[in-house]
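These are the residues of each chain, in order.
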Amino acid sequence: QKEVEQNSGPLSVPEGAIASLNCTYSDRVSQSFFWYRQYSGKSPELIMSIYSNGDKEDGRFTAQLNKASQYVSLLIRDSQPSDSATYLCAVSSGQAGTALIFGKGTTLSVSS
Amino acid sequence: DVKVTQSSRYLVKRTGEKVFLECVQDMDHENMFWYRQDPGLGLRLIYFSYDVKMKEKGDIPEGYSVSREKKERFSLILESASTNQTSMYLCASAGPLGEKLFFGSGTQLSVL
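If you read the protein sequences in the order shown, they are chains A and B. Sequential numbering of the first sequence, starting at 1, is according to my numbering. Sequential numbering of the second sequence, starting at 1, is according to my numbering.
Don't take each hint at face value.
[Unchecked claim] Straight-line C-alpha distance at most 30 Å; calculated BS3-like pairs for lysine-lysine:
1) Lys57(B) x Lys3(B)
2) Lys57(B) x Lys2(A)
3) Lys71(B) x Lys57(B)
4) Lys71(B) x Lys56(A)
5) Lys70(B) x Lys53(B)
6) Lys67(A) x Lys53(B)
7) Lys70(B) x Lys42(A)
8) Lys71(B) x Lys2(A)
Everything labelled a hint here was simulated from the structure, so no lab data went into it.
All chains should be modelled from the sequences, with the hints used to inform the complete structure.
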């Protein structure tokens with residue numbers, strides 16, 4: 001059974017701090033990795049994708065991937081109350097005809 | 001702007017009824033997905049389709065069926081609704097590798 005694990009949280013950080021969200025996956029052949037953000041009562045939306053080892057930065061967001069450790073993380077710098085949401089990690093084998101595997105999500109709360 | 005449209009935002013049905021949930025995408029995507037989301041259980045894949053008239057079972061297909069007669073439309077069918085099918089149902093679509101998902105706004109189904 002392929003699995004994606006996340007701490008459910010809640011993760012609480014003060015405004016302006018760095019929030020660190022972590023994800024581990026079981027399938028070694030996974031190729032593509034994604035972070036989705038879901039606000040309460042809304043649908044998930046894609047915020048980051050990463051395909052190779054190392055860091056990928058997009059504004060205040062940095063995704064980190066370590067395939068040897070089967071570990072993906074999302075850093076949010078200068079956290080804002082508007083970042084309060086549930087963050088879903090998703091993993092793909094990269095093959096057509098297969099579906100993403102989602103973690104259960106980590107709830108982030110940023111206090112002002 | 002990309003769009004995935006689910007026919008109803010809220011739906012109330014009685015046990016034993018046959019229920020149809022409709023989803024339409026305007027992005028010419030090959031892949032379409034049906035998930036349900038319940039508190040503490042995360043997103044669970046019911047069925048997905050990688051091409052017209054093609055379907056694959058997800059993690060929890062029991063009690064559900066799907067139909068994809070046209071590329072843009074993917075329907076989820078509850079053959080005989082039961083109370084344990086009360087849930088938020090999310091439809092999504094994606095391009096050839098099925099990775100970057102675009103979600104509809106969801107249907108909150110209550111089965112009484």
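Hint by hint, here is what the structure shows:
Straight-line distance between C-alpha atoms of Lys57(B) and Lys3(B) comes to about 24 Å, which keeps the hinted pair within the 30 Å bound. A threshold of 30 Å between alpha carbons decides the hint, and for Lys57(B) with Lys2(A) the separation of about 15 Å falls inside it, so the pair holds. For the hint linking Lys71(B) to Lys57(B), the alpha-carbon distance of about 18 Å falls within 30 Å, and the restraint holds. Proximity of Lys71(B) to Lys56(A) is assessed by CA-CA distance (about 34 Å); at most 30 Å being required, the pair is judged violated.
At roughly 8 Å between alpha-carbon atoms, Lys70(B) and Lys53(B) fall within 30 Å of each other, so this suggested pair holds. Between the alpha carbons of Lys67(A) and Lys53(B) the distance comes to roughly 36 Å, so the proposed pair goes past 30 Å and is violated. Between Lys70(B) and Lys42(A), the direct Cα distance comes to roughly 27 Å. Compliance with the 30 Å bound is thereby established for this hinted pair. Using a Cα cut-off of 30 Å, the hinted pair Lys71(B) and Lys2(A) holds, with the two alpha carbons roughly 29 Å apart.
Hints 4, 6, counting from the list given before, are not met by this structure.
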